[in-house]
Structure formats: structure tokens, C-alpha cells
Amino acid sequence: MTTRLFGQGVPRKEDRRLLTGAGRFVDDLSHDAWEVAIVRSPHAHARIVDIDVTEALDVPDLVAIHTWEDLPERMQQPLPLLIPHPALTAPRTQFVLANGEVNHVGEAIVMVVARTRYAAEDAADRIRVDYEFLEPVVGIERAAAGDRRVHDELDDNVAAHLVQEIGDARAAIDAAPHTMSFRLDVERSASTPLETRGVYARWDADEGHLRLYSSTQAPTSVRAAVATILEMDFQDVECIAPDVGGGFGVKIMHPWPEEVLVPWAATVLGHDVKFTEDRREHFISANHERGQVQHLEVGFDDDGRILGIDFTFLHDHGAYIPYGLIVPIITSTQFLGPYRISDYRVEFRSLYTNTVPVTPYRGAGRPQAVFAMERLMDKVAAELGKDRTQVRAINLIQPDEFPWEFGLTFQDGRAYTYDSGDYPTSLDMLKDLVGWDDFARRQAEARDDGRLLGIGLAAYVEGTGVGPYEGGHVLVEPTGRVQVATGLSSQGQGHETVFAQIVADVLGVDLDDVEVVVGDSSRMQYAVGTFASRAAVMSGNAIALAANKVREKALRLASEALEVDPADLEFADGQVRVVGSPDTGLPLKMLATLSNPLRYAFDEDAAAATQFAAPADPDRPPVGDDDEPGLEGTDFYSPVRSTFASGMHAVVVEVDPDTSAVEILDYAVVHDCGNLINPTIVRGQVHGGVGQGVGGALYERMAYDEHGQLQNASFMDFLMPYMTEVPDGIAIDHLETPSPLNPLGIKGAGEAGVIPSAAVFAAAIEDAVGIPIDAMPISPSQLHHLRLAADAPASTNGQP
Amino acid sequence: MKPPPFRHVAPRTVDEAVTALAEADGHGKVLAGGQSLVPLLNMRLAAPSVLVDVNGVTGLDGIEVTDDAVVVGATVRHRDLERHAAADAALPVLRQALVHVAHPVIRNRGTVVGSLVHADPAAELPAVLVLLGGHVDVVSRDDRRSIDAEALFVAPLESSLRPDELAVSATFPRLAATTATAVRELARRHGDYAMAGVCVAVDRDDERATVTGARAVFIGVTDTPTLVDLGEDLAGQGCHDLDTVAAVARARDAIDPTDDIHATADYRRHLAGVMLARALADAATGREDA
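Protein chains in written order, with the numbering used here: chain V, 1 to 800; chain F, 801 to 1090.
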């Protein structure tokens, strides 16, 4: 019997291609395409008075210049609001090219097409746009004040206001023995994938067919959006996401203006056209996330039991709100984490500002939520003089209490109900892994040497695998190779490997004989996309269901051909064979041939297969009523609601007493994403997430000035951590609590690593320096000033 | 992020190079390692009409170690000098500084002389040149001259080279055997420009284990690299129990940091003092730069 691959850390099938430079990204596919450059607004808020292209017209190799006025009527409409919500009462979305007003630096105004990007930029440089300046709204508090408005026609900057409540939070807090209130802020950051956005369109005028390549997390949705806006039949448009160099959420947004403009230009100009975003453009026109101002009020008892919480926050969604309220809704629900909190009120306002729009970035509202809840737990522990793990332990939902129904509504509009988990074990494992109980001694010893050490921990629960569905298609070729397709795309996560592991197990074939294609709408046109830690849960289960259909059919065919009871057959080594008699069996490839009644004997295998064909019954059709030709199966997986992964992180940091620089000494992760398909890949996801979390906690921020200019729109000043800033060793323990919601018992793993970072670093730094850390990220300069203001222990160098 | 049109010329000799610069009539720019220039071009922050690419010019790629100095040619990469054993033995401060210059891939392309004439106040090598009292030799079609370090750096990103001049070499004078050096800096990330840094030279009486003199040049906290003499504060002190309070106070008065998105001016001033104290201790005790 072939070794079961599910659960094995097999090497990634895609790595040879990606690590040897053989990956195919959008910009690799299109050497002859004409190129697009976009004239973008240099101002955060202005009316466009005039656009003068005269000086650009004699730039060599210029092909075309388009403004909003040149667009067909359907394209002159604002882009869609993807996810409406009853509380979203004042939605505004952008135009593909600005229609008279710009609302953030970087907003697209003019499209230039030229034979090269060089020429396109030369022409773009010479286009003169006259502006009438409007006062910019920058910063959450300025937006909340409402004295300046992003969208003139609105009364204020509030797009949405939502309150959810379970129990009676006010009464619970008022009756509690202890209460506290505080504010906990998180700044803006962004996904910043290494590959920027890119889109390439091929228009076949003879066929009336548009093929689109986009660096996207949702190719089928891009296809639908483009077909709708260009008023084409879906079947005349295909969209392929080839290799994608990272997404982290920003590429789930669709359609981007360029995803509409480029295919339209291809159809109008009758030539291949592409847009490859440069890094500066990415900073000022691809979406951001994270910025929230959060106020909390909590009531608790002498043991640290949380009795009631009132959570009010302001969410900065930038100039437009195309993705609806997903991020703040996630914050308001996932805030509850692994804790049994029965009286909870949450209220948020989602605010317009004259900055780049906000849509989900890995973690999607959870890092802010976890920062709020875990800092709250630390504050309760400090107030009561208790160990921080003790206060958490007393509030944890217990393993026998699942499913745990909170009574809230989650991002997918479904009940916010946890399916399974074992939080107390997770906490015990984390304490062991990081040496929690011994840390006080270690900290004291270090302090005797003048060193400042601190430890922090944070827990999270993550809703993963949101619906509505994903599909899988599995087909056995007459060669014996197995072709697998699913519609969502890959940004390097390892989909080709884990999906192949699932299929190889079901069909008893070698991993190398399974080929997985993702992100091609012509192979699977019904699909949702790669986000919300959903690919393994959704497509993994869909593919498993489809593979089982193929298995059933192969079993039936083999049973008939061998005249053996199906119960006596097994799948192994690419054969369906008799249990206990491995020489009696049929290869899958022969069954693939047998499955098609039209059997021209193209080769010897096909000729050999004919001997097993059942004698044709002249009174029955060759393909039965409930049958189809071919050894293939398609199925869809659609869960009732999300499955909830969980985990806890701890970090030990050292703060330089003189420079306030923070060094990471130890980082520990306990992670529970249900059954692991491939532990190596899950570890990689955690490593990457922790690295990105280090960035979010200690390095990255979007530094807007009061004029709405982003002052660090480059990798020189936007401080994405290098390998040198990421901890060398990350200790990881896996806990596997299967999900009862899906056949494979799995939960999502993609975002987990980044979620607790702000919380865990704030806690550790606070523990090291002894002053509250209530806003993240934090730089050495900021920490230095906090310590000065708090009169914390002075520098050992005798200077202030 | 594509540059505007420019003409690329690839001279084979210094004469051809300076002729091309002269003919560019003030609109030429020398391309050596390109690690600062090419991003400026791509972001359209610079638009020279002619790029004089000196990478193919013969005779500019030498490192010469003499009894008096280490002389570095115009196309010598940071990495070449960093890995040059004789240069390191003659002047350890070169490697002490070079390991802080960006990352290996950038050091593989970027040139020592290019970094000097780019005159970035956050760069390490200009500070080293000033600390050592070195100079740069420059050539133009009609002239040849030597520019002392203190005259080379005029303002942030502005050197005293004329647009028609090519810097052909930099000379880093050697120090007395009793003088030790150290470089300390703190950057936000490994390889970034420092929020504050310093190169120091400490003259020691090794028999008595005392300091006889000390100088420092700061990185990233002054408009141009400036020598600060700390002899008055430190001379006579024991190498292993330096009291740096007076030296740090003097230095903090001598520098002029500014706020930016990464750090406040006050923090940089504080940090410069911390780096100075640590670098002085490194050099006084012979400890390798951490």
C-alpha cells in the first residue's frame, strides 16, 4: 500500500520552478504588448479643472491617451461595491479614471498607451493637469471631527455605523467589582507583495475572445467583473492568474481600474496591452489596511474573570469603500478570541479619509482586534497583580463547550460559532515552549547585568475557510497522469503540492503523476478566490470530493472488468487491484481508456484495454443514463459556516537600555489548524506570517503627512523587515483539533502567523521597560520618548 | 519608474571619459556602480542627458596599499575593498565602516569613490575620509587636482567636484600604529542608512593603557561629515575605564540632526552620543566593532 501523503511534509512541487527563476509571472508573458502608464494624482484632494495632453502628443512611440471622457458609458460608472451591507449607508467607490475629482494621492486620472513603458512614462510626464485644491482629510481623528469632508455631498465622513451586542454589556460593566477603560491604536500598513499588480490583455478580434492575465487572488471574479463592465458574455472572457508573487490580501480586490482599462484598450486598439505597476505606484494606488483608533471599557472580578466589555472603534477605510465592511466586522467579532464573554457591545464607525482605500491585508482586522483584547487581558492581570497566563486561563472556552455560539454575525453573514478547539492545552503548550514559568528568574538575572528582557503572549481565534463554495475537477488521463483543477489562484502558498497530496491518496497514485492547475477560469469557471485562509479548506475539500467521484467510477469499471467485488479492490501504485493479490489489477490509465466507449486504438494501451470492455448490449445506449464518458469528476464544497483555527504566540525581547532598540530573543508559536495536510508548508506559512508580523509591529507604517502625501512610498523608507530582522529560530508546536465541519477535518493556516504580532510585541516591550505600550507599531525613537516621558530607568551611559 | 531618455557613452580611457563629460556641457553624469544614480534616474529625480559609464575605463580598478595610505581607484567596488586583506591590515577602519554599507549585493556593485562624491551625509565612507584627512584626485579635460576631504563635502548630496570632473581615486592615509579605530551605528534595519553613527580614532599609549587623543566624525546627524576633536575630554584617561560624559556632551553640541519619519532629532542626538561612547570604548580597548 502506498504511504499516505496527507500529513507528510513532502517537498513542494512548485519550488523547482519558483526557485530556479522558471516561474511565469504576468510581466514575463507579454514582451510584445503595448504598455500602459497612468497619470496619477499628486494631490490628496482636488478638483480637476483641466487636462492638457498637447505636449505629450509628439512623444515617439505614443499610441493613445485616454481620460474619463473618452470611456464608453458603462465604464464611466463608478466601480462596483463588491460587498454591500445594510449598515453601509454612504458607500462611495472610485471611477476607473477620475471623473472631475481626486480623493487620494495616486488616484488614476489618465491612461497612456505606448509601445514601451519608457515612452508611456515620457508622455505621462508631459500631460498637464490643473487642479483646484480642496482641504484634505488625513487621520482618523480629523475624519471623525467631520469639519472637512472627503465627499462633499455627504454630511460627514461616516460611511457606516454598526453596533452589535450580546447580553447587556453596560449592566455587566456597571455591576463589576473592577472596571478600566483605555485606548489602543494600530497604524496603517499594507500587504506589499514582491510582485506588484499587473494585467495583460489579449484580444482576438476574429474570435471575439478576450484572454486576460492578472496578478490576482480571484481570477474568476476578475473575469466576471471585466465581462460585466465591457458588456461581454462571460464565455467570451477568460482570466488566468499565472504565478503570482505574493498577494497577502491586496490582490483580492477586483476589479482594479487597470483590470478594466487594459482589456478595454486591447479591444479598442486591436493589440495586446499590459500594465505592470511599479513600486511607487503600488504604495500610492494599491490598497492598505490596519488603521484603527480603539476605545475599550471592561468590567471584571477579583479572579480576572471578564464580566463585560464595551468596545468602540473608528476604522479608516480611505477614500473609497469597494470591499464593504469586511475588515471592521472581522475586528468586532474576532476580538472575542478564545474567551467566554457573554456581555459584549461593539460599535464602529467606518470613516472616509483622503488616503489610499482600505481592503483586507493578511489578518484582515484581526491584528487590531487581538491587540485590543490581549492588551486588555494584560491590563486586567496588571491591575490584579496576577500572572498574565492565569487571567487568560480563567476566561478560556473549554474543550467540551464546542460548538460555542456567541450570538454574533460574522463576516460571511453567518452565525459566529466556533466549531472546535482546545485552548487550555494550547496555553499549556505555549508556556512550556517559551519557558514562561522560568522567565521571571531569567528576567531578574538579566536585569542584574543591566539588561532589559521582557516576555509577552497573545492568543487568537481565526475564522477560516469562509464560503460560499469552491470547486474541484479531477481527471485521469489515458496516460495515467491525473489532472486536477480548482479555480482559486496561488500566490506561492503550495497549493499544487497539498492538493496533489489529497488526490494522490484517494487514487493511490504517485505525487509526481498529479498535476494541479489553479487560477485558470477556462479550467474551472466557478470559483471564489484565495483569501481568508480558505484555499486548503475550500478547494482541498472540493478536490477530495471530486477525487472520490473518480475513485467510485474507477472502482465500478475495475469491478466490472475484473469481475471482482468492489469491496475486494484497493488503489495503490497507480493500479486498482485485488487486495492480497497485487498482481491482479488494472492500471488507472487503462480504466481511463475504458471509461470512454469511443476507443480508437491510438496506441497499444488502448488496444489492450479493449479486452476488458464489457460486451456491448445492443439494447442499451453505450453511455448509460446516469453515466458520462471519461474518468473524471467535478464537485463543489460549500460549508454552512467558517471553521475556526486558533493559536497563541509568545516572544521574548531585549530592549537596549540606551538606544531603546528591540531585539527578538525567542519566538514561540502554538498553532491549531485542525488536521495538517503538509506540516512543512504550514510551518512555512507560520514563519512568513511571523516575519510579516515583525514588520507590522516594529518597522512598517504608512507615513502620511497632514497634506495626505505618503512620505515613505519606497522600500527604502517603508521598512519591510529583512531576514536580519526576523527571528532566527521560531519554535512551533502544532495542536491538531479536527474541524467537524468538513470531510478532511482541516482549518485554514494562511494568516495566523501575522495576527498576534502587535499584541505580543507590545506586551513583551512593556514587560521589559515597565511602561504601557498602547499604540503600535513602535520604533526605537518612539520608545525612547515614551521612556523619557515616563521617567523610566535612564541610559547606562550617563546621558538622558 | 523608468528613466527619461539619455545618451550612454562608454569610454575606454580617462581622457575619453573627461572629454565626454566636457562635451556634455554640464548635463553629464558619471555612472560607476549606479547604486544611488540609477534609482534617482528611475524615479525621474535626476535627468542627465549623458551618462558617462566609466566601468570600462582601464586603470581605475586598483587598490594600492603604500606605507602612507590606501589608494582606491574609481571603479573599485565596496566589496573589493572590504575583502582586501592588505588594505584591512593597513587601515582596519575601512572594513569597520564598509560592513555597514547597505547589503552585500549593493556592495558588490557600488563603488567607494562613487559613494564619496555622492556626498550623502548618511554614508559611512565620507566620514572615514574626513576622519583620516584623506583626499580625492579628480581629472577634467583641462585640469587635474586633489581635493582634501574637508573641502570635498559642501552640503548634503553636494560635493565640490565640477560637472566636468571625474574622480579617479581616493586616498585614505594610514594611522599611527598606536591609533585604534571603531565604527558604530544604529540603523532601523540591517543595512539601512543609520539613524546615527560615528567613526572614531583613539590615540593610545599602550604601555600605560591610557588615551592620548581622540577624534570622531558622525554619520547621518550632520549636513556634512565634520571632525570633532575629543582630545581635551579624553586625554589621560585609562583605556578600560573611559569617562565619556564630557566627550559625549561636546559631540552632542557639535552635531545637528533633523527629524524624519524614522526618528526625531532629539533621539538622533541622544543616539549619536550612545554610539560615540560605545565606539570610543571599542577603540580604547581594542574591541572589535559589535
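Please note that the accuracy of each hint is not assured.
To be verified - Label-pair restraints from in silico Cβ distances:
#1 M716(V) to R807(F): 46 to 56 angstroms
#2 D861(F) to H31(V): 31 to 41 angstroms
#3 A1065(F) to H31(V): 31 to 41 angstroms
#4 T20(V) to L845(F): 32 to 42 angstroms
#5 R883(F) to D510(V): 19 to 29 angstroms
#6 A790(V) to A951(F): 28 to 38 angstroms
#7 E950(F) to D147(V): 16 to 26 angstroms
#8 A1065(F) to Q8(V): 54 to 64 angstroms
#9 D1029(F) to R447(V): 33 to 43 angstroms
#10 M716(V) to A951(F): 42 to 52 angstroms
#11 M801(F) to Q235(V): 29 to 39 angstroms
#12 D1006(F) to R447(V): 42 to 52 angstroms
What the hints assert, rightly or not - Taking beta-carbon pairs under 8 angstroms as the criterion, some of the chain V residues facing chain F (in silico):
#13 R280
#14 R683
#15 D717
Treat the hints as calculated values from the structure; they're not laboratory data.
Cβ coordinates follow ideal geometry from the N, Cα and C atoms, glycine included.
Going down the list of hints, with the structure as the test:
no., hint, result
1, M716(V) to R807(F): 46 to 56 angstroms, "violated (28 angstroms)"
2, D861(F) to H31(V): 31 to 41 angstroms, "holds (35 angstroms)"
3, A1065(F) to H31(V): 31 to 41 angstroms, "violated (49 angstroms)"
4, T20(V) to L845(F): 32 to 42 angstroms, "holds (35 angstroms)"
5, R883(F) to D510(V): 19 to 29 angstroms, "violated (47 angstroms)"
6, A790(V) to A951(F): 28 to 38 angstroms, "violated (46 angstroms)"
7, E950(F) to D147(V): 16 to 26 angstroms, "violated (52 angstroms)"
8, A1065(F) to Q8(V): 54 to 64 angstroms, "holds (56 angstroms)"
9, D1029(F) to R447(V): 33 to 43 angstroms, "holds (38 angstroms)"
10, M716(V) to A951(F): 42 to 52 angstroms, "violated (29 angstroms)"
11, M801(F) to Q235(V): 29 to 39 angstroms, "holds (38 angstroms)"
12, D1006(F) to R447(V): 42 to 52 angstroms, "violated (36 angstroms)"
13, R280, "holds (6 angstroms)"
14, R683, "violated (24 angstroms)"
15, D717, "holds (7 angstroms)"
Violated hints, in rising order: 1, 3, 5, 6, 7, 10, 12, 14; the structure is consistent with all others.
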